[in-house]
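Quick mapping for you: the protein sequence lines, in order, are chains Y and X. Note that the first sequence covers residues 1 to 126 in our numbering. Note that the second sequence covers residues 127 to 423 in our numbering.
Treat the hints with caution; some may be incorrect.
Derived lysine-lysine pairs resembling BS3-like cross-links, with alpha carbons at most 25 Å apart [claimed, not checked]:
id, chain 1, residue 1, chain 2, residue 2
1, Y, K55, Y, K90
2, Y, K55, X, K224
3, X, K186, X, K354
4, X, K179, X, K224
5, X, K354, Y, K90
6, X, K224, X, K186
None of these hints come from the bench; they were simulated from the model.
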Amino acid sequence: MFLYLNPQSGLPIYRQMFQQLRERISSGQLAADAQLPGVRELSTELHINPLTAAKVYQMLEREGLVEFRRGQGTFVTAGRKPLSAAEQQKLIQPAVDQVVSEAIHLGIEESNLQRFIHQAYAHKLS
Amino acid sequence: MPTSFPEFAIEADGVSRSFDGTAALSNFTLRVPRGTIYGFLGRNGAGKTTALKIIAGLVKPDRGTVRVLGTDPFEFTTEDRQRVGYLSEKQILPVGMKVGRLFAFCAPFYPAWDHALVDRLVASFRIDRCKRIGALSQGAQRQIAFILALAQRPELLLLDEPASTLDVVARREFLDEILGLLRQDGPTVFLSSHILSDIERVADHIGIVADGTLKISEPLDRLKDTVKRVRFYDFNRDPGSFAMPGAFRAQRSGREWLVTLRLEDPAQLDAPARSWGARHEIQDLNLEDIFVDISRQ
Chain Y
1 MFLYLNPQSG
11 LPIYRQMFQQ
21 LRERISSGQL
31 AADAQLPGVR
41 ELSTELHINP
51 LTAAKVYQML
61 EREGLVEFRR
71 GQGTFVTAGR
81 KPLSAAEQQK
91 LIQPAVDQVV
101 SEAIHLGIEE
111 SNLQRFIHQA
121 YAHKLS
Chain X
127 MPTSFPEFAI
137 EADGVSRSFD
147 GTAALSNFTL
157 RVPRGTIYGF
167 LGRNGAGKTT
177 ALKIIAGLVK
187 PDRGTVRVLG
197 TDPFEFTTED
207 RQRVGYLSEK
217 QILPVGMKVG
227 RLFAFCAPFY
237 PAWDHALVDR
247 LVASFRIDRC
257 KRIGALSQGA
267 QRQIAFILAL
277 AQRPELLLLD
287 EPASTLDVVA
297 RREFLDEILG
307 LLRQDGPTVF
317 LSSHILSDIE
327 RVADHIGIVA
337 DGTLKISEPL
347 DRLKDTVKRV
357 RFYDFNRDPG
367 SFAMPGAFRA
377 QRSGREWLVT
387 LRLEDPAQLD
397 APARSWGARH
407 EIQDLNLEDI
417 FVDISRQ
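Put together the whole structure using the sequences plus the hints.
Next comes the structure, spelled out in structure tokens:
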């Protein structure tokens, strides 16, 4: 599996991996029941510490995105329960805070920011 | 055979050592958990090599205690020594000897010697066994020293600047070998390097030594998650000087302050920012930034 990792980023490798895998699962690039590579295989491919790969799989499991099947490996969870609104907010809030503080720095009115978000939604979902 | 399984592969407590009246280490304390790849960082002269030599049992501390795999390295028996592989900063190899002869010479000293590993690495590093060691490049000599340290199948591998003379491709191969070791219940690896991008890729724990003591020792992920740089700007009241708990370094430029600090929770910035009437933004730091700011504090 190809992930783009930059070890020299201020974002720890495990966060980079987690974000990219979560994006692939939520976008359906990794479909339900798809098998993920084993921790050893993945860490060999990416030239990273296997403990890091194991940690990322555990984080994905905690969010219910993947499941460990005994003796078989790690799979994208089928029939995932949708997250509650509170869980969704908890996950998205840091990104929202960052966008809003960036917008304030740039002097962007709230209504304009809402318009940008609306456009981005339309673009992604089209 | 391993005789004991302490939680830490290396434990040093209150270790001091001077050379000709100059302190290389003073009250140095270190814990290296078993099974980790521990990246040991410090500026030249910070005490890294002295610490490695003390851990390897080559230098005796003036004060303090050291336990390596549960034993004082200065009291190591031959069997204890076989459990620790050490690649020194400046390895000394017999330059007149042919590569193949050197491996054949070393093997009988180590009961766990791994001939298959030697064959595999010699092939993957493309080293000619029939050449005299002195005829090989610096990089190839370094690779041979690395193979010697690995082939004894140590429980603890001490590597002092292992990759400094390797080119980029050879360094990547070398890192992959280190990572490959971990996948099979491999040794604890204690690694010093100036090449922080390598450390950032493979290490799970980081120690930073400055002025002869260990300033930081923790998982790399925690270090990157919690050591941040904060830029304060738009002051109503300039604080004049900057003392914040947990701050490693504060720099001022005009009407801005840049503070590197331990940030467990972004909310801890709200009170100081309010009292100065300042705004702030938080920046992520990579290992090099963190290292520089901690070493310069």
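* To do: Any hints from earlier that this structure breaks? Give me their numbers in increasing order, please.
  => 2, 3, 4, 6
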